[in-house]
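Now that you have both chains on their own, put them together as the hints suggest.
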Amino acid sequence: MTNPFEEPDADYSVLRNSQNQHSLWPAVIAVPDGWTAVYGPGLRADCLASVREHWVDLRPSDVAEFLAAVSR
Amino acid sequence: MTGRDSSPTPDRYPLASQQQDPDHVIRSSKHTFSSALRIKGELRLDALKGALDDVVERHGALRTRINYGETDEGEGYQEVLPPLPVPFTVHDIPVVPGRSRDEIAVDVHLGLCDELIDFSVTPSLRAALYRFDDHDAVLTLITHHLFGDNWSSGVLRRDLAACYNARVSGTPHALPTPFQYHEYASRQRGFLRSEKADTVRRYWTDTLSDTGMYAMPADRPSGPDGLKSPSAVWDFLIDPDDSAKIRAGAGLNRCTAYHVFLAAAVVLAEKIRGSSDVTLLTVNNGRNSKDFQDSVGFFSSMVPLRLEFGTCKTFREIMLLARKSSMDAQRNLMTLEDIIPLVPDLMKPFGDPQSMPFAFNYARPPMASADIQFADSVEPVILPDEAPAMYHRGACMWGLTMLPAGEFRCVVEYEPDMVDADTVDRWGSDFVNLVLAIANTPDRPWRDR
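Protein chains in written order, with the UniProt record's numbering: chain A, 1 to 72; chain B, 1 to 449.
There's no promise every hint is true.
[Said to hold, decoys possible] FRET-style restraints, in silico, Cβ to Cβ:
| hint | chain 1 | residue 1 | chain 2 | residue 2 | range |
| --- | --- | --- | --- | --- | --- |
| 1 | B | R202 | A | A37 | 17 to 25 Å |
| 2 | A | D11 | B | R202 | 38 to 46 Å |
| 3 | B | E308 | A | N3 | 34 to 42 Å |
| 4 | A | A37 | B | L84 | 31 to 39 Å |
| 5 | A | V28 | B | P221 | 49 to 57 Å |
| 6 | A | E6 | B | K196 | 53 to 61 Å |
| 7 | A | T36 | B | L383 | 34 to 42 Å |
| 8 | B | R44 | A | A37 | 26 to 34 Å |
| 9 | B | S377 | A | A37 | 55 to 63 Å |
| 10 | A | V31 | B | N433 | 52 to 60 Å |
| 11 | B | L84 | A | G42 | 51 to 59 Å |
| 12 | A | D11 | B | A197 | 35 to 43 Å |
| 13 | A | D11 | B | R65 | 33 to 41 Å |
[Unchecked claim] To be clear about the criterion: a stretch of chain B counts as covered by chain A if any three or more of its residues have a C-beta under 8 Å from a C-beta of chain A, and this derived list gives those stretches:
| hint | stretch |
| --- | --- |
| 14 | 26–32 |
| 15 | 49–58 |
| 16 | 351–360 |
[Stated by the list, open to error] On the chain B side, residues computed to face chain A include the following (Cβ under 10 Å):
| hint | residue |
| --- | --- |
| 17 | P22 |
| 18 | H145 |
| 19 | E270 |
| 20 | D338 |
If you are wondering where the hints come from, they were derived from the structure by calculation, not from laboratory data. From the three backbone atoms N, C-alpha and C, an ideal C-beta is built for every residue, glycine too.
Isolated chain B, as found in the complex (with noise of 0.2 Å):
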């Protein structure tokens, strides 16, 4: 092997199935992953550009261009160029009068959600800081979803902070050399040709073969394309203290709030649907792999989950299941790309001009709040009212986070145009209720929810 440092032309390395863009669409600039984090404190420039190179150095997946191969009708492939610097700009935040820095921080934040990035831009990461003043700023970082997902957010800001620490303290940081991207693609690609990936296929050709993925009955169907309006969200937050109530309640059943939310989302979408068994369109952060825990890239996957609950008779019978099913998803671990080829009906429900695509999508904090400080303290911005910022036609999206405090917040968002804001807030009730009375009163039968 010659050095790499040498060689003229950069490796190349297949893409992973995440990467695969037959129609066009993930490479689309919108999609992209961005954070804000306020900063309080003594800040050093010079330290907080070089730890932005320092992480664009760890993790290949920032520094890669994509080659789709079809213009010279080739296979795509990505190649990892050399370390690049990271665009840094700084900004003088003017007073505003009657606004106050925290209003101004979900601003800065929601101007960051409307901010594009295209996906042959190298480094796929861009910052900026927005200064209140020497001791009090914003720092906002935006990546291509080609190169990320929710996970690597959480990631970056940790590497971030460490290589922050160790150029200021002049003592190198103790993160753990991360395993590159490509490394996953180049796995993916031999798993996918392996006999273990036809045992994978079974298990979902036999899970998956007489289901369609569960949708939300429509309102009316959907109007004319061009005639767009703006997704509307409903935005619950379950108080610290019934958030807690529901971890206590999964753990003493071996299970995981997880697991609690999916049984809830089943029992609602039988209330709805009046059947029992229902399919989850399911978003995995894709790292089932020990090795890419700490890694930066797209590893992040739909799964769909299927739930067959006519025999259960109590809501702790449905948790148990929703552990099941989600642990033998894991186990088959997928992407949807290479699911739907094996199960072609799968998708059928979702072109139903009455129904709305359902994706279920719960978000835990990747790192611990203190695995980001630098300066004095570190934030991540939170936005009081959740921004409709994944917008898609028709959809209806239904996601959980973990805030760092530990309570548990709901969103869904959806499109006005197709379903009644009281049909939503109504289904968005019961399901607040039905995830209370699982974890609190699991004996319960569920069918006199």
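So that you can see chain A by itself, here it is in the shape it has in the complex (with noise of 0.2 Å):
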């Protein structure tokens, strides 16, 4: 059996949890808990062209913090 994690002709997922993280996911495995699934199902290519567009935050999360206490 092929490794559904890389099966490039399969439909996937993109997943992303609280911390802003986004990871690519088959769509035959459910949805773990604490994370959501933000795009899909669709191409494997589609997906990745969708983290990288989403995920874009160079922030480390600890810094969207710190501006989120500071902005008064």
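Listed below in structure tokens is the structure:
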């Protein structure tokens, strides 16, 4: 059996967790706790493009916290 | 257009850049704005309750519901609900032996600093009245940061006073009709798509492309997460005499106290890090359009100010450079959320575990004391020692406030795990000395500091 995480022709989803981290996830496997599907299911290439588009925030999540705390 | 009142679903408006929350951070219920007001004299509870409702009716931001659109993958939006009553509770404060009313008022304020408010609660205003007796009480107000900021707290106090006085006297108030926050959000979206915005983006790219945000060096790296210790505070009150001199010294150079503080901050930064090219993260009140001076909402934003002062000779030249840099930024105002993608390396120094992210905030009271009066007298409750209200791990926050009486208070909030109290005390003292030197002896060469 092939590894469902590395199947170029299978459908994938993009998941995101509360830390705004993104993950490519095979559509055939249930979404794990703590993650939400934010894109797909769709082609692996499209999912990767979506991750690149949405995960551009280069701030460490600590810095986002800091900015929220100091913007008065 | 059909009448808004008969419309079954509220109108939808875009979110402002300030309200976007990709990291799920701003929406936290701990990001609140609170005020505590000591009210003396006869107070009519019905009029106060009515005035709170009037304020929510005036300011749509306080009855706004945000949908981040994350579950349905759509774009986030906000909708403004019809007027809603403000939750208002009244409590009688028991006599506490050995504690004065002033001390108890401070306790009430401190308790308020720990209160939470969910961002999805509407209206985003909750009030409580703590009564010592019929003629002496503390009123507390709390809103979520997504619908307010420092300036808004002042607008809220003024409007509450005017609405209360109008109800008691039976004569209408003379408050200006405020522009609504959703109008700001829509204008900002429009601006970001405009040609003018491209000019502004070029300004920020040119100004910041080869620099990083200034961060304070830590004495040691931060410990593992989960071992958080409470933040510590260095608090210094500049006496009324010196505060007046700072204002006067700034005025002689057609500057404000803020420019003196900025100049002192960059000279201190040079002393600590050795570079005369300093980019400070500053808090901006975001009211660059006169239209929104009377509005409540999340207008404030973080703005990077870069001062390259290697060629300056005197304190005065740095003060003037601070004024120029701050005016240029004001003319090209754009939120940090919109600047960061243009200059991705800007925030890198904040990720260094040996450094403490640094932010510089100067807050003036936006309303004169005379504008917030009702009953016999109303005064904000001032904390004798600034509480670490804005704690964040590994951060160094440099705050300057002008108290209602005109003195300046300098508050440095920091993480004791990363830096010794002695180090912060040295920085703080150097800063205050620099402020006084710049204001009083502007012709001194800064390298002699």
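Exercise. Out of the numbered hints, which ones does the structure contradict?
Worked result: 1, 3, 5, 6, 8, 11, 15, 19, 20
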